[in-house]
Amino acid sequence: MFNYDHYEPGKNYGTRDFSVDDATIAKWRSVYPNDNDAGVMPGGMLAMIVIDAVLTLNSPRPPGGVHGGQTFDIQRMPRIGEILRTEVWCLDKETKKDRKWVRVRSETRALGTGELLFTGIMTTLVAQ
Amino acid sequence: MDKQLKTSTQHVDFDNILKYAAVTNDYNPIHVDKEFAAKSPMGGIIAHGTMSVALIWQALRNTLGVEMLNRVHLEIRFVQPVRIDDDVSGGGELREGSMPPVYDVWVRNGKEQDVIRGTAIIKPTTEKTQ
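Protein chains in written order, with this note's numbering: chain A, 1 to 128; chain B, 1 to 130.
Hints were generated in silico from the structure; no laboratory data involved. Treat the hints with care, since some could be wrong.
For lysine-lysine, the following DSBU-like pairs were computed, each having C-alpha atoms within a straight-line distance of at most 30 Å [as the list claims (entries may be wrong)]: (1) K3(B) <-> K100(A); (2) K97(A) <-> K34(B); (3) K96(A) <-> K19(B); (4) K96(A) <-> K27(A); (5) K19(B) <-> K27(A); (6) K111(B) <-> K93(A); (7) K111(B) <-> K39(B); (8) K93(A) <-> K123(B); (9) K97(A) <-> K19(B).
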């Protein structure tokens with residue numbers, strides 16, 4: 001189980017690929033119909049890419065964790081049709097008032113060119 | 001720069017939460033399992049926090065244009081959960097005199113309580129990391 005003790009600050013947990021294809025965009029627009037810019041991935045999907053990578057690379061996870069905060073630093077918004085590769089590290093972790101916090105850093109690049117598209121830091125209150 | 005971001009809104013219901021879970025493949029039971037969520041410290045279903053972050057991105061895009069998203073550094077904190085049947089709105093205000101421009105951004109529920117707070121910095125065009 002990928003719990004608090006399992007996280008090691010500085011450790012690299014590998015990469016996860018994500019295809020910004022038409023089917024995924026269509027699913028997204030079923031929740032957010034106004035996110036209809038031609039060619040450019042909706043901004044709200046940035047979090048989805050990070051979460052997809054973290055949930056895949058840091059699993060299985062104890063149920064009930066809560067997302068506490070998030071940063072995104074954009075270099076270029078992904079385009080529809082691109083395949084993205086996200087690399088994930090444990091940045092740090094700490095226990096405050098019996099709550100177990102973990103911060104994970106991510107870097108997302110365009111597959112093929114390696115162009116850096118965005119980085120992020122995801123803060124999570126882990127359940128165990 | 002516009003002083004006020006154009007507000008973007010969404011009604012959050014359980015159907016939308018389930019759709020979002022399917023899109024993101026995030027089936028954390030705190031979002032989708034009513035029995036589990038009721039017994040958790042949250043006391044019931046809460047929406048995925050990132051579901052509401054999308055409203056901040058919409059507000060930025062609708063105000064500044066899609067090209068400007070390439071220059072955004074966004075930092076947000078989830079300060080309160082969003083519940084089923086909440087109406088949430090995302091927006092923000094330009095911090096006076098800030099350079100580079102900084103927007104104080106938020107998502108608020110129907111009671112005008114902040115559920116997300118943060119900042120969106122519009123970076124200069126020359127900043128590019130490899």
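Here is how each hint holds up against the structure:
{"no.": "1", "hint": "K3(B) <-> K100(A)", "in the structure": "violated, 38 Å"}
{"no.": "2", "hint": "K97(A) <-> K34(B)", "in the structure": "holds, 27 Å"}
{"no.": "3", "hint": "K96(A) <-> K19(B)", "in the structure": "violated, 34 Å"}
{"no.": "4", "hint": "K96(A) <-> K27(A)", "in the structure": "violated, 38 Å"}
{"no.": "5", "hint": "K19(B) <-> K27(A)", "in the structure": "holds, 8 Å"}
{"no.": "6", "hint": "K111(B) <-> K93(A)", "in the structure": "violated, 34 Å"}
{"no.": "7", "hint": "K111(B) <-> K39(B)", "in the structure": "holds, 25 Å"}
{"no.": "8", "hint": "K93(A) <-> K123(B)", "in the structure": "holds, 29 Å"}
{"no.": "9", "hint": "K97(A) <-> K19(B)", "in the structure": "violated, 34 Å"}
Of the numbered hints given earlier, the model fails hints 1, 3, 4, 6, 9; all others are met.
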